[in-house]
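Sequential numbering from 1 applies to the sequence shown in full-length UniProt numbering.
No lab work stands behind these hints: they were computed from the structure.
Remember, predicted model here, so these are calculated numbers, not experimental data.
Any given hint might turn out to be false.
[As the list claims (entries may be wrong)] Result set (DSSO-like, lysine-lysine): computed pairs, CA atoms no more than 27 angstroms apart in a straight line: (1) K117 - K98; (2) K240 - K84; (3) K84 - K191; (4) K280 - K327; (5) K70 - K240.
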Amino acid sequence: MFPEHLERLCCVLRCIQEAGLILNPKKCLFGAQEIKILGHLVSGEGIKPDPDKIKAVQDFPTPKNIQDVKSFLGLCSYYRRFNKDFCHRARPLQVLLKNSSKFMWTELPEEAFCDLKSALISEPILSLFDETAPTELHTDASGYGIGAVLVQQQDGRERIIAYASRTLTKPETNYSTTERECLAAVWAIMKFSPYLFGKSFTIITDHHSLCWLANLRDPSGRLARWALRLQEYDITISYKSGKKHQDSDSLSRSPIEDGTISEEIGALSTILNLEQEQRKDSEVSTTIQSCQESKKSNRSDLQVIDGALYKRNFDPSGKRWLPVIPKHLRLDIVRHFHDAPTAGH
Numbered sequence: 001m002f003p004e005h006l007e008r009l010c011c012v013l014r015c016i017q018e019a020g021l022i023l024n025p026k027k028c029l030f031g032a033q034e035i036k037i038l039g040h041l042v043s044g045e046g047i048k049p050d051p052d053k054i055k056a057v058q059d060f061p062t063p064k065n066i067q068d069v070k071s072f073l074g075l076c077s078y079y080r081r082f083n084k085d086f087c088h089r090a091r092p093l094q095v096l097l098k099n100s101s102k103f104m105w106t107e108l109p110e111e112a113f114c115d116l117k118s119a120l121i122s123e124p125i126l127s128l129f130d131e132t133a134p135t136e137l138h139t140d141a142s143g144y145g146i147g148a149v150l151v152q153q154q155d156g157r158e159r160i161i162a163y164a165s166r167t168l169t170k171p172e173t174n175y176s177t178t179e180r181e182c183l184a185a186v187w188a189i190m191k192f193s194p195y196l197f198g199k200s201f202t203i204i205t206d207h208h209s210l211c212w213l214a215n216l217r218d219p220s221g222r223l224a225r226w227a228l229r230l231q232e233y234d235i236t237i238s239y240k241s242g243k244k245h246q247d248s249d250s251l252s253r254s255p256i257e258d259g260t261i262s263e264e265i266g267a268l269s270t271i272l273n274l275e276q277e278q279r280k281d282s283e284v285s286t287t288i289q290s291c292q293e294s295k296k297s298n299r300s301d302l303q304v305i306d307g308a309l310y311k312r313n314f315d316p317s318g319k320r321w322l323p324v325i326p327k328h329l330r331l332d333i334v335r336h337f338h339d340a341p342t343a344g345h
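From just these sequences and the hints, can you work out the full model?
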């Protein structure tokens with residue numbers, strides 16, 4: 001391991017030299033087995049919170065007002081990736097924030113306050129992500145929150161990479177159970193996109209929601225946007241009953257039937273009814289009609305395949321025919337590839 005460390009160190013120093021930067025030797029540390037980075041301790045074993053920061057949480061006094069609650073939640077939230085079921089544990093405190101005119105510190109928020117403190121002390125060290133290891137994303141949703149656990153099988157053992165959770169917005173609480181489960185999966189994938197993009201992984205869920213989304217005949221609105229986002233990833237969906245799906249089941253739920261069902265998410269035409277979306281665009285729809293009515297189209301770079309319009313790709317390294325994306329979907333696509341953590345901007 002040390003020779004590899006030296007090799008990477010030389011590479012980093014070379015890049016710094018080429019950039020014309022100068023390092024202060026007093027602020028450099030070489031060959032360390034453990035280092036502090038942004039409130040975390042990073043070592044060969046994994047990542048854990050900085051003990052000095054955890055002490056600040058432990059010593060935090062009982063909140064006397066709304067501002068104290070906000071400060072405590074902000075401090076704990078920074079380490080929420082270490083905290084399983086964070087949004088569930090913090091909910092009694094978050095409820096206090098909704099009624100800023102009255103501050104009532106009762107037994108319920110006191111229990112949540114103590115629970116969050118103890119959770120930061122007892123939670124396991126998070127493992128470092130291994131690009132070569134099998135990766136799983138466990139997701140779940142309830143009536144007021146969604147949660148996920150990023151897991152890898154390393155050296156024959158299940159390793160936790162990170163936890164994630166959040167409460168639902170008011171409009172999201174009106175979603176059906178199936179839609180909330182879909183939301184949980186899509187949100188979790190976007191949350192962990194830097195780990196998952198370009199890598200094969202499995203989504204473990206106790207609901208058939210993603211299978212339902214993948215097979216939905218004519219998705220529209222947010223379902224179409226979700227489907228479009230998912231088609232960028234190499235996903236295998238694995239269904240497990242509630243009894244076997246305990247880790248991300250952040251809010252106790254009734255178990256569904258036993259068994260495991262896997263289903264691949266395929267190409268764009270499987271998830272998103274491209275023909276249906278193109279018909280909503282008058283310009284694309286007119287072009288499709290023109291191509292279909294004429295046995296030989298005047299445009300050799302356009303072709304209708306399975307009722308959908310495709311444009312020829314003259315780049316030999318890519319696919320020969322690419323789908324024509326309707327105008328009403330282009331902004332979502334550009335926004336995702338521009339703003340996503342893995343985008344080039």
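Hints versus structure:
1. K117 - K98: holds, 22 angstroms
2. K240 - K84: holds, 19 angstroms
3. K84 - K191: holds, 15 angstroms
4. K280 - K327: It holds: about 9 angstroms lies between the C-alpha atoms, which stays within 27 angstroms.
5. K70 - K240: Answer violated: K70 to K240 is near 37 angstroms, above 27 angstroms.
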